[in-house]
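Undergrad: Okay, here's what each chain looks like letter by letter:
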Amino acid sequence: MAVTPEQVLDAILTEGVRAAEARAGSIGVVSEDGERIELLAQIGYRPEVMEDWQEFRVDAPTPMSDVIRTGEPIFISSVQERNRLYPSLAQVGQEDGHALVVVPLAVEGRVFGAISLSFDHDIEFEPERREMKIALARQAAQAITRSRLYAAEQAMRERMTFLAEASQLLASSLDYNRTLRRLAQLCVPRLADWCAIDMVDEDGGIERLAVAHEDPEKVKWAYELQERYPPDPDAQRGVPQVLRSGEPDFLPTIPEQLLEDAIGDDHELRRIVDELGLKSSIAVPLIARGRTLGALSLIAAERHPVFTAADLELAIELGRRAAVAVDNARLYREAERGANAARALAYVADGVVLLDRDGTVRHWNPAAAAITGVSEDDALGRPVAEVVPAWDSLTTHVQLLAPGSAPRPVTVPIVVGGHERWVAVSGVKFGGGTVYALQDVTEERALEKTRSDFVATASHELRTPLAAVYGAVRTLRRDDVQLSESDKAQFLEMIESEATRLAKIVDQILVAGQLDAGAVELELTECNPAEVAAGVIESAATHVPESISLSLDAREPPQIACDPNKLRQVLVNLVDNAVKYSPDGGAVVLRVRGDNGSCRIDVLDEGLGIPSGEQSRIFEKFYRLDPQQTHGVGGSGLGLYICKELVERMDGRLTVESEPGKGSRFSVVLPVRA
Amino acid sequence: MKAEVSQPIRSTSLRRRGVAVGGRRVWSCQAGDRPRSRSQASGSGSATPASGAARRVLVVDDERAIRLLCRVNLAASGMEVIEAADGRAGLELARKERPDLVLLDVMMPDVDGWTVARELAEGMETRDIPVVFLTARADTADKRLGEQLGGVGYLVKPFDPVSIGDYVEDVLSRIERGEREQLRREISSGRER
Numbered sequence: 000m001a002v003t004p005e006q007v008l009d010a011i012l013t014e015g016v017r018a019a020e021a022r023a024g025s026i027g028v029v030s031e032d033g034e035r036i037e038l039l040a041q042i043g044y045r046p047e048v049m050e051d052w053q054e055f056r057v058d059a060p061t062p063m064s065d066v067i068r069t070g071e072p073i074f075i076s077s078v079q080e081r082n083r084l085y086p087s088l089a090q091v092g093q094e095d096g097h098a099l100v101v102v103p104l105a106v107e108g109r110v111f112g113a114i115s116l117s118f119d120h121d122i123e124f125e126p127e128r129r130e131m132k133i134a135l136a137r138q139a140a141q142a143i144t145r146s147r148l149y150a151a152e153q154a155m156r157e158r159m160t161f162l163a164e165a166s167q168l169l170a171s172s173l174d175y176n177r178t179l180r181r182l183a184q185l186c187v188p189r190l191a192d193w194c195a196i197d198m199v200d201e202d203g204g205i206e207r208l209a210v211a212h213e214d215p216e217k218v219k220w221a222y223e224l225q226e227r228y229p230p231d232p233d234a235q236r237g238v239p240q241v242l243r244s245g246e247p248d249f250l251p252t253i254p255e256q257l258l259e260d261a262i263g264d265d266h267e268l269r270r271i272v273d274e275l276g277l278k279s280s281i282a283v284p285l286i287a288r289g290r291t292l293g294a295l296s297l298i299a300a301e302r303h304p305v306f307t308a309a310d311l312e313l314a315i316e317l318g319r320r321a322a323v324a325v326d327n328a329r330l331y332r333e334a335e336r337g338a339n340a341a342r343a344l345a346y347v348a349d350g351v352v353l354l355d356r357d358g359t360v361r362h363w364n365p366a367a368a369a370i371t372g373v374s375e376d377d378a379l380g381r382p383v384a385e386v387v388p389a390w391d392s393l394t395t396h397v398q399l400l401a402p403g404s405a406p407r408p409v410t411v412p413i414v415v416g417g418h419e420r421w422v423a424v425s426g427v428k429f430g431g432g433t434v435y436a437l438q439d440v441t442e443e444r445a446l447e448k449t450r451s452d453f454v455a456t457a458s459h460e461l462r463t464p465l466a467a468v469y470g471a472v473r474t475l476r477r478d479d480v481q482l483s484e485s486d487k488a489q490f491l492e493m494i495e496s497e498a499t500r501l502a503k504i505v506d507q508i509l510v511a512g513q514l515d516a517g518a519v520e521l522e523l524t525e526c527n528p529a530e531v532a533a534g535v536i537e538s539a540a541t542h543v544p545e546s547i548s549l550s551l552d553a554r555e556p557p558q559i560a561c562d563p564n565k566l567r568q569v570l571v572n573l574v575d576n577a578v579k580y581s582p583d584g585g586a587v588v589l590r591v592r593g594d595n596g597s598c599r600i601d602v603l604d605e606g607l608g609i610p611s612g613e614q615s616r617i618f619e620k621f622y623r624l625d626p627q628q629t630h631g632v633g634g635s636g637l638g639l640y641i642c643k644e645l646v647e648r649m650d651g652r653l654t655v656e657s658e659p660g661k662g663s664r665f666s667v668v669l670p671v672r673a
Numbered sequence: 000m001k002a003e004v005s006q007p008i009r010s011t012s013l014r015r016r017g018v019a020v021g022g023r024r025v026w027s028c029q030a031g032d033r034p035r036s037r038s039q040a041s042g043s044g045s046a047t048p049a050s051g052a053a054r055r056v057l058v059v060d061d062e063r064a065i066r067l068l069c070r071v072n073l074a075a076s077g078m079e080v081i082e083a084a085d086g087r088a089g090l091e092l093a094r095k096e097r098p099d100l101v102l103l104d105v106m107m108p109d110v111d112g113w114t115v116a117r118e119l120a121e122g123m124e125t126r127d128i129p130v131v132f133l134t135a136r137a138d139t140a141d142k143r144l145g146e147q148l149g150g151v152g153y154l155v156k157p158f159d160p161v162s163i164g165d166y167v168e169d170v171l172s173r174i175e176r177g178e179r180e181q182l183r184r185e186i187s188s189g190r191e192r
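Those protein sequence lines, which keep their order, are chains R and E. If you read the first sequence in numbering that gives the first Met the number 0, its first letter stands for residue 0, the second for the next number, and so on. If you read the second sequence in numbering that gives the first Met the number 0, its first letter stands for residue 0, the second for the next number, and so on.
Next comes chain R alone, as it looks inside the complex (with noise of 0.2 Å):
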């Protein structure tokens, strides 16, 4: 069990006025700021004797006073000594007095107090009894000394392991305003009766984090008092001062008059600030890397004893710590959103690029890159007109926004590795630059434009029969000229035959955008494809001219499964093709056969062919052969691409193979029946 200072310097009084005869006894040690004496202990003096003299000035004129500024004892053999030494004593003790010793208590020659005793009759010291009051002396200081040092120890010892717990604490989560209203609890009561933390906010407010208390009734109430008076953010005490300056602010005593001018007229406040007996304040900052983040604050009241330098340093020191855990936990999150935001931006398919206020690149997702076909490390931290040098042209007509408002992407081309690429790009302004996003929207722009090209050669398509039939019906209707019979029965059947031409377009543009859209539907059947390619053949030679040969040649091909009708209509269409790319005399021939699983079913001409280069193509819709569409045989530009897709909807291949000047042939692959 350890033994405090107090208890050592009670025991040693005790043991010397015993060992010495003496009637009553004190010990005085020096205040820490050197300039007054406390009386620490005493033993034997009256009560009121001794009232006023709990604590006094080092320069006092009393006897204690003297040896503790000379070092040197005093032996007084009689009150009337006494009093003739120190006049202004003569009233003190007056009925009591008779000899009195005062020796130094020093340590390593350093004095730090005193010792007196006095006693019930005049005595005349002798050196040999001097001696021993002086040895007394000496013992005691030595006595008292080591339990200070022990004590001194054990408060430090006390303060590391609440450092030490505190740490631990701080560093247990990244949730800082958790843990600091930890931190706040574990300050109480050891280190003080109240602990608060305030935090600087985002705008610079003051934000109180933490108040802690044992009693948690008497936080809630703390919380009340701080509603009803807010604390004025520009008080020059306090946290507000001290969150202004960065230093701490230490009231060992907090001076009545502070108090008094706080409370003014107010004596709600004054019944509660008498009740919470405020003692002794410190203040201090959380200061990580020059900026000064909160403010943790003590208070001691009804129970914890003024705050001492070692209670300053150590709160000091928790400040400390406490705002270098918040800096690092706020370091952290930043970090970690940043990666987060890094990562999410490395997964954006938009190209997202972040400028700073001189134009600097400091963000270059993988899909600008894409984009812009500049790598992230040849565009970090230089100046975005020499990365791409196409930026300004790229954005010019982007008008920058306000964050949160709607984008308003401007498209644009660029020329990336030699091929032009169409971006969209819309940009955000904000306070610390400009962010820009990117989309790559060549590909909708192609699709775009085959939708627009659909249209425009639609309305080709549609415009030469148009002509014939609206510019028949307009010069049959004139009556300022006499046509022959034989124009009028050429403009009657133009009129026929255009108009059935222009059904038919619109027919196939229909069915080609059924296609499209994924909305023809097939009624997949077992069939024969000997019996379908037969009556595709019947139909077409009541048309075909006589100088072409049309023939069908099927070898009990094996049944397959597909929408007859529209097989039918693929294989008329490809016969009709065939006719009319052959030269006269030329051949056409229908050929079914079985074909290892599947059923093919060739269309074979001797026309022009197809150049290898243009096969591929051909199925593509409105593709022509010459890309100028010169081909006015009255086609509309969609037959190969109708039953292509067709032929792939009933799970079959339609392919060319053509040799120029020698002709074609076309084959539709389909599967046997399962």
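Derived by calculation from the structure, the hints in this document are not laboratory data. All values derive from a computational prediction rather than experimental measurement. Glycine included, C-beta positions come from ideal geometry on N, C-alpha and C. Any given hint could be a false lead.
[As the list claims (entries may be wrong)] Chain R stretches covered by chain E per the calculated footprint, using a threshold of three residues with CB under 8 Å from any CB of chain E:
hint	segment
1	190 to 204
2	332 to 338
3	537 to 548
[Unchecked claim] Distance condition first, Cα-Cα at most 25 Å in a straight line; then the derived SDA-like pairs of lysine to any residue:
hint	chain 1	residue 1	chain 2	residue 2
4	R	448	E	87
5	R	661	E	87
6	E	142	R	580
7	R	428	R	388
8	E	142	R	445
9	E	142	R	455
10	E	142	E	120
11	R	661	R	580
12	R	487	E	75
13	R	428	R	412
Assemble the complex: chain R is given as a structure, and chain E must be docked to it using the hints.
TA: Here is chain E on its own, set in the frame of chain R:
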């Protein structure tokens, strides 16, 4: 404007001037006219006699229906019509017959209308023959191309064949008045006919 001063006088307008002078084929020549142009024009045996001559229009279109419409309606306006069913035949006829004007389709097999117009403009004998495109291609870009290739008119199908004769006559008389450049510019300036 310099461009207009240096513009050679077209054979058509030369012919018209000839008519104005009298019964004989008299060719007038203005400053800036190229001698070659004159010699070719005067040296051509197929030049239409000036007096009472009908306008001769070459229709180049692979669509029989369009050719028929043009033939019947231009004839109704007293014009003579020659026809070609494809670009190659059109070029041959233009060179051989030296028509007063060509009505030219664009989308034709093998040699298309653009090619025909380009070759006509490049040929010394045919460069002055006015070309009017008659096509289903209605895009602005197409019209611009037509203008670049030296066309003096651009008709989009469907067109009114009843007024085609008046149209051709109007174009030819404006060219005679020296408005050829203006006609050309009107193609893409949005002025619809």
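Undergrad: Against this structure, judge whether each hint is valid.
TA: Here is what the structure says about each hint:
Coverage of a stretch by a chain is defined here by at least three residues with a beta carbon nearer than 8 Å to that chain's beta carbons; for the segment 190 to 204 of chain R and chain E the count is 0, and the condition is violated. Counting residues of the segment 332 to 338 of chain R whose CB falls under 8 Å from any CB of chain E gives 0; the rule of at least 3 is not met. Remark: the segment 537 to 548 of chain R is not confirmed as covered by chain E, as 0 of its residues place a Cβ nearer than 8 Å to a Cβ of that chain, below the required three. The hinted pair formed by residue 448 of chain R and residue 87 of chain E fails the criterion: a straight-line CA distance of about 32 Å is larger than 25 Å.
The straight-line distance between the Cα atoms of residue 661 of chain R and residue 87 of chain E is roughly 23 Å, inside the 25 Å bound, and the hint therefore holds. A threshold of 25 Å between alpha carbons decides the hint, and for residue 142 of chain E with residue 580 of chain R the separation of about 31 Å lies outside it, so the pair is violated. Taken as a hint, the residue 428 of chain R and residue 388 of chain R pair is honoured in the structure, with Cα atoms around 21 Å apart against an allowance of 25 Å. Of the supplied pair hints, the one linking residue 142 of chain E and residue 445 of chain R holds, its CA atoms being roughly 23 Å apart against a limit of 25 Å.
Restraint check for residue 142 of chain E and residue 455 of chain R: satisfied, since their Cα atoms lie roughly 14 Å apart, inside the 25 Å limit. Annotation: proposed proximity of residue 142 of chain E to residue 120 of chain E holds, straight-line Cα distance about 17 Å (limit 25 Å). Distance check on the hinted pair: residue 661 of chain R and residue 580 of chain R sit about 11 Å apart at the alpha-carbon level, within 25 Å; holds. Distance restraint check for residue 487 of chain R and residue 75 of chain E: the Cα-Cα separation of roughly 14 Å lies within the 25 Å cut-off, and the hinted pair is therefore satisfied.
A C-alpha spacing of about 23 Å is found between residue 428 of chain R and residue 412 of chain R, which places the hinted pair at or below 25 Å, so the restraint holds.
Of the numbered hints listed earlier, those contradicted by the structure are 1, 2, 3, 4, 6.
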